[in-house]
Amino acid sequence: MDVTALQAIPLDLPPGSELPAHSGYTDYEREDLMADCDQVRLLAVRKSNAKRPDDPATAFLKKYYRRRIETVFSQIKAHFPAKIHAVTPEGYLLKVTLFMMVFAFDQLTI
1497 MDVTALQAIP
1507 LDLPPGSELP
1517 AHSGYTDYER
1527 EDLMADCDQV
1537 RLLAVRKSNA
1547 KRPDDPATAF
1557 LKKYYRRRIE
1567 TVFSQIKAHF
1577 PAKIHAVTPE
1587 GYLLKVTLFM
1597 MVFAFDQLTI
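Residues 1497 to 1606, numbered by the numbering used here, are exactly what the sequence shown covers, in order.
Quick caveat, the hints were computed from the structure, so don't treat them as lab data.
Keep in mind that a hint or two might mislead.
[What the hints assert, rightly or not] Quick list of simulated restraints, FRET-style, between CB atoms:
no., residue 1, residue 2, range
1, P1552, P1511, 24 to 34 Å
2, D1550, H1581, 36 to 46 Å
3, L1557, P1511, 15 to 25 Å
[As the list claims (entries may be wrong)] Below, computed lysine to aspartate or glutamate pairings styled on EDC-like, alpha-carbon distance capped at 20 Å:
no., residue 1, residue 2
4, K1558, D1523
5, K1591, D1602
6, K1558, D1528
7, K1559, E1527
8, K1543, E1525
9, K1558, E1514
10, K1543, E1527
11, K1547, D1523
12, K1543, D1523
13, K1547, E1525
14, K1558, E1527
15, K1547, D1528
16, K1543, D1528
Fair warning: this is a prediction, and the values are worked out from it, not measured in the lab.
By construction, the Cβ of each residue, glycine as well, lies at the ideal position given by its N, Cα and C atoms.
Model the full assembly from the supplied sequences, consistent with the hints where possible.
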């Protein structure tokens, strides 16, 4: 499921970018294509039985960055209400954008 979602997302990243991802996005073929064609490194966290295990230093860095991403996502989500009422897609995006701005301003005051 996650790999299918990754293939459906249009990625327009500059060459040399690194894209951290959790272990659900492990797709060696897609990873190789992104590296060869787009010069983008997909940094999926490897499972313990992976065919291409990471060296310990790389595994540590991937785990560190993934934890930070998950923490920030949880902090952003904490500002969201249980339900976002919007009539149009534009209204929904406006509300989500405003919640993210509240998160950014909240981080400035800490």
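Structure-based check of each hint:
1. P1552 x P1511: 24 to 34 Å: 28 Å, holds
2. D1550 x H1581: 36 to 46 Å: 44 Å, holds
3. L1557 x P1511: 15 to 25 Å: 21 Å, holds
4. K1558 x D1523: 16 Å, holds
5. K1591 x D1602: 16 Å, holds
6. K1558 x D1528: It holds: about 18 Å lies between the C-alpha atoms, which stays within 20 Å.
7. K1559 x E1527: 18 Å, holds
8. K1543 x E1525: Within the cut-off at roughly 16 Å; holds.
9. K1558 x E1514: Cα-Cα ~11 Å, so holds.
10. K1543 x E1527: Holds, because 15 Å separates the two Cα atoms, which is no more than 20 Å.
11. K1547 x D1523: Given pair K1547, D1523 holds - Cα atoms ~11 Å apart, limit 20 Å.
12. K1543 x D1523: 12 Å, holds
13. K1547 x E1525: Distance ~12 Å between K1547 and E1525 Cα, so the pair holds.
14. K1558 x E1527: Distance ~15 Å between K1558 and E1527 Cα, so the pair holds.
15. K1547 x D1528: 14 Å, holds
16. K1543 x D1528: The hint holds at about 18 Å.
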